[in-house]
Structure formats: C-alpha cells, structure tokens
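*Asks:* These are the residues of each chain, in order.
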Amino acid sequence: MTDVGGSHVAEQGTAVELVGLLSVEGRDVAGEWVKQVAGTLKGRVSVAELSRELGELHEALVQALGQGAADVHDEQMSEVRALLTELSRNRARQGFSPTETAVGVFALKQVLEPVLQDGTSEEIRAFGRLSRVLDGLGLFTIETYTQTREELISAQAEQLMELSTPVVRLWDGVIAVPLVGTLDSARTQVVMEKLLQALVETGSEQAIIDITGVPAVDTQVAQHLLKTIVAARLMGAECTVSGIRPQIAQTIVALGIEFDGIVTKASLADALKLALRKSGVEMVARKAGQL
Amino acid sequence: MTAPWLPDEAPQIYAITHNRDVVSIRQTIRVLAQRCRLSLVDQTKMITAASELARNTLVYGGGGAVKAGLVEKDGRRGIAALFEDSGPGIADVNLAMTDGWTSGSGLGLGLSGARRLVDEFDLVTEVGVGTTVTVIKWAR
Ligand SMILES: Nc1ncnc2c1ncn2[C@@H]1O[C@H](COP(=O)(O)OP(=O)(O)OP(=O)(O)O)[C@@H](O)[C@H]1O
Ligand SMILES: [Mg+2]
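Sequence lines, in order, name chains A and B.
Numbering-wise (the working numbering), the first sequence opens with residue 1 and increments by one.
Numbering-wise (the working numbering), the second sequence opens with residue 292 and increments by one.
Worth flagging that the hints you see were computed from the coordinates, not collected in a lab.
Virtual Cβ for every residue (Gly too), placed ideally from N, Cα, C.
Hints should not be assumed to be uniformly reliable.
Over the 10 Å line for every Cβ pair with chain A, so calculated as not near, a few chain B residues [as the list claims (entries may be wrong)]:
no.: 1; residue: 328
no.: 2; residue: 363
no.: 3; residue: 365
no.: 4; residue: 387
no.: 5; residue: 425
These stretches of chain A come out as covered by chain B in the derived footprint (C-beta under 8 Å, 3 or more residues) [unchecked claim]:
no.: 6; segment: 65-75
no.: 7; segment: 182-193
no.: 8; segment: 238-251
no.: 9; segment: 254-265
Throw the hints in and build the complete structure from the sequences for me.
*Replies:* Structure (structure tokens):
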C-alpha cells in the first residue's frame, strides 16, 4: 500500500470502504458489470471485448480508489482516464450513441445498487460517495466522446473539401479545376493552392478554372481568382476562366470587378481548344469513312 | 430606412460570427429570393450583395447579425436584409463608398458594389456605436 500520510487516516478509511464495494468476497463484480452493459449494447460489442475493457477498468478503478482518489480528475485516476478515453473514442468511431457509451460507466452503479437494501450504513454511505465518483467518470466519458465526434466531423469536412476540388489533367501541359458549389474563402484558397502546386508537379503551362458550377462570385472569391492568375503568370503559366454564366457576368460587372487582361471563355470546351492551340496541338476533324 | 416587412411573416434574425455564417446567409437569401420569384440575375445580385455585407459585418464590425425576410410595397414583393453590428462604425462614409478604397486588404468594392447590386440601399453608421446597412431587391 502506498503511503497516504498520517493526516489522511479518515480518507484511508473511506478508500477501504469504496474498494470494498467493488471487490466483494465471492462476487464477480466485473463480470456482473459486463453482463449489465452487454444487455444494453445488444451484441454490438462482443462479450470478450467488453470483458477486457471493463475488466481493466475495474482493476484500475479499484487501484485508484485504494490510493485515495475521490474525483475523476485526481492524479491517481490517470490510468482510469486513459482507459475511459480509449473506450469512448472507440465507441464514437464505431457510431455508438453518447448514451450507449456512458452506460458503460453508469451500469456499474446498477450492479452495486443492491447494497442500498442489504448493506450496512457505512456501505450505504460509501455507495453514495462512489456514485459521485462514477457520475464524474460518466461525464468524462461523454466529454471525450463528444470531442472525438467533433474531430471526426472536422476531418470529414476537410476531406470533403479536398474531394470537391479536384485538379484534373486534361492534356499534356493542360490542367483544369472545375469548381462546383458555394465558394467560401477557405475553400477558394485550397483550390487555388492546389492549382498552383499542380502546375509545378505536372509542368503544365495552361490552366483552366471552370466556374460553371459556382452560384455566386463575390469580391473575395474574385480576389482569390485574380491572385491565383497573377501567381500562375509569374510561374510562366497562363490561366483561362471558363463557364462564367450570364448572371455571374452581370454581377461581376455591377460589383465593379475588373477582369481586364484575363482570358475568359464561355465553356470548358472552348477553353480547352484555346489551351491546346496555345500549347501547339492542332486538332483536325477526320472526314467520314477515313481512318 | 424601415423595411416594409410582410405583415403575416416576421423576418428572421441570423447571427454573423463565423465565416461559415456568411455561407449560410447566402443560402438563406437564395431561398427567400426564390420565394419572391426574383429572376436568376436578380437572385445572384442579391445573394452577392448579402455576401459582401455579411463579410463586412464580420470582418470590420467584429460580428453582428442580419435580419432578413420578404417585404411588400405598392403591391410589389421583394426581399430585404438588414445587417447590423456594434463595431467601430465608419468615420468617412464617402471614402468607404468609393470604388477601390479599402482599409484592409480587399478590393474595396464590397460596399459600393453592393449598392449597385440592389434597388434600395441605406447605410447608418456612428463612430464607436456601430453600422447598419439595409438593402432591398424588388421582384420585377
Ligand atoms: N460594418 C463595417 N464597420 C466598419 N467599417 C466598415 C464596415 N463595412 C465596411 N467598412 C469599411 O469600409 C471599407 C470599404 O468596404 P468594402 O466592402 O467596400 O471593401 P473591403 O471590404 O475592404 O474589400 P472587399 O472588396 O473585399 O469588400 C472597408 O475597408 C472598411 O474600412
Ligand atoms: Mg467588403
């Protein structure tokens, strides 16, 4: 037993009582806990897996309480927190609800509840204290769960942003970005950086930015476009903006944005034709019947 | 300017505190613009004006809110949006409304451009108190 210091005799008494609740002679508390939780998860986590998780948790909890831990944030609880973090993260990733996750902790209260009927008054008081500790652990579980979900969501949003902005190679020396959907500053920036990077990687000298799928172009998006075109020019490449629909053209004019000196084409096809011509590719229509 | 909101439908208020709010305001305005049957060109103009004003509210006003909804006057329907912040205010309105003038690193076209994109434009500002910009686009 670790030294808990002379002034902690009362606390040590408490610790013994709390540990006593969790490790009863002739009773498999951890096993009962597993059974209780397995019932609520309806087989979505195997009993073997639960036994491992809750067995370790039970052991760590007994140890922490034995060392005088009274709160989830206590130093002695670090192992318990680590195990709970792992458990909540797994549940969050596997798509369990917050309730299904926290029940893993709260079920232990149910297992120990009979003490309220047939326990001594010390045991009943100890149960009250242990309940508070378990409530803290349950809340900790929900917090970790939420944090994990938020991380997942922002990771997905980032992936989506990457996905929705592909830079495609149309021909040797010609790349294009078809922009689709609402452009916010972050997304426009990502696209433009990817475009410049693709120019370098593919050694292309022609880039087409197609905005057919963009519902509105405001000053911020226009500024990103203009900056990219200037940057591409400095890198020795030429940009063509295609797919400026009538309502966008009228809006740009009313806003007063000047696209002077920037090559624009009505469609992606027209822009490609121009880019090919500029890179020296000639296209000849074949006569019918001729191979 | 007080917007003649539809009597049977209260305008809604949306917070402008994040970049993503600017995007969702564009979508809100689009839905309203379609409901009062603005042409595609007018829809795009109103959405773009809202985008500019929302971003100014966020960037220069330090955040605020927009009240948006349908309006009616002389039997005509339209869409109105009132952007409000309690930021530093604009000391020289004429300068701020000048094409190409920016105190930041923008194109300096948002405010003056927004005025050209809508049918009615009203700016009330007081240094140290805040800025309110109201815009209306009527269906033709
Ligand atoms: N709500 C506001 N509160 C305080 N100052 C404002 C506000 N809105 C605009 N301004 C001032 O007016 C100037 C001009 O605004 P405007 O929207 O025309 O240009 P910008 O935002 O600088 O650039 P952009 O072309 O990207 O919109 C701003 O630079 C800013 O100094
Ligand atoms: Mg602006």
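*Asks:* Compare the structure with each hint and give your call.
*Replies:* Here is how each hint holds up against the structure:
no. : hint    : verdict
1   : 328     : holds, 15 Å
2   : 363     : holds, 24 Å
3   : 365     : holds, 25 Å
4   : 387     : holds, 14 Å
5   : 425     : holds, 18 Å
6   : 65-75   : violated (count 0)
7   : 182-193 : holds (count 4)
8   : 238-251 : holds (count 5)
9   : 254-265 : holds (count 4)
In this structure, only the earlier hint numbered 6 is contradicted, and the remaining ones agree with it.
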